[in-house]
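S.K.: Residues per chain are reported as follows:
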Amino acid sequence: MKRISMILMALLLVSATAFADAADVGKSLTVRTFQFKHKQADKAAAAIKGLMSAEGSMSIQPAANSLVVTDAPENMKKIAQALAQFDTAAQALKLTIRLVSAGRAAAEAARSDASLSDVASKLALLRYNVLESVGAADVSGREGEAGLVDLGTYRADFHFGDYDPASNSVKLADFRLSRLEGDQLSPILKTTLNLTIGQTVIIGATKQAQSQRALMSVVTAQR
Amino acid sequence: MISCESFRNRFVAETDDAAVLEHLRACDRCLDFAAGIDPDVMFRALGGGELLPPGGVDAFVDGVMQQVRVRSAESTVAAANVLSWPRRLAVAATLAAGISGTMIFYGGRVPAAVATRGAATTPVAIARGVHPVPVEKFATKPVVETYESQNATIVEVPTSETGGNDDVKIVMIFDENLPADL
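Same order as they appear, the protein sequences are chains X and P. Numbering of the first sequence is given in the working numbering, commencing with residue 7 and proceeding in unit increments. Numbering of the second sequence is given in the working numbering, commencing with residue 3 and proceeding in unit increments.
The hints are simulated quantities; they were obtained by calculation from the structure and are not laboratory data. All C-beta atoms in this analysis are idealised placements derived from N, C-alpha and C, irrespective of residue type, glycine included. Treat the hints with care, as some may be off.
To give an idea of the chain P side of the interface with chain X (calculated C-beta under 7 angstroms), a few residues [stated by the list, open to error]:
no., residue
1, 11
2, 12
3, 16
4, 140
5, 149
6, 172
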């Protein structure tokens, strides 16, 4: 009788274990260490921040230039994929910059350069109907390199940042726009931009929303 | 006291044999035997030979025996309903073993019917020969991450206002520090 009881108890224990395992399936987390050859671990951490789940966590190990990531197994696949794309040798990037002087005028005075037809309709929504191209240039470089281009009386300088596979974007760090006045460069604005690859971004700068003039920087990044 | 065999040899209807009546008070099987021959013997054995129950002795004996049979039947049914603890444990263990086996068989996978239970389901029609292409979703970042002036207002024009496509994005920077003659 005692033996039978023991067997039955063991069966109950096995059953309870099976239940516990089934309940833990959805909550289990995996830990993985990623070591980087080309990129910094802290930048890699920033790159995958948007992919982490609420239960996920990570820690940077600067000495080993590695990142320890804890997350759900299905999420870990996406993270590993993103990091594999991220940790590549400095990628070649190309930036197309057009500088446009935009103004508001009566409908009969509206005019636009032919080269700006792709953005004219968009800027018309903001009631800018006089568009003059100030300058245009293509700049090629690699991640981490500096870029400089003169556009008419203006100068743009910047640094190509890292390509972020999670957002399919590249950072344009310290983008400074200056104006040549005589032999002096007067700074106009300084910003850091995130440019989605292939997307045309118009950065308009003006004093106030009702100002009649604005300077538009039309930029497109390509890999 | 005399034996059952002696009792059955000596018993006759309307007997007043003291040894026979003494045995009758102690032995139920012989009482059944004697009642079949002489219904009054039960009362004589109890010492109540002169008493007469309402409805007669036969009706009284029938009633008593019917109650005995009913009680006996109830006991049998009740005994069948009661499960001892080893039996209960065995049933529980059998159920547990069955569930464990199912769990092991599925290897921790949750059946689709369970996974979607409580969630609204939408029928999906896929054309024959056409494979669904996964759409790659990217995280979104603000176009302007930093700007040097703290007093500037930065407005990202929604895509819906620029024709609904993502090909062109407009971000306006309103900054009183900017020159007026841009």
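S.K.: Evaluate each hint against the coordinates.
M.R.: Now for the hints, and whether the structure bears them out:
no., hint, in the structure
1, 11, "violated, 48 angstroms"
2, 12, "violated, 49 angstroms"
3, 16, "violated, 55 angstroms"
4, 140, "holds, 5 angstroms"
5, 149, "holds, 5 angstroms"
6, 172, "holds, 5 angstroms"
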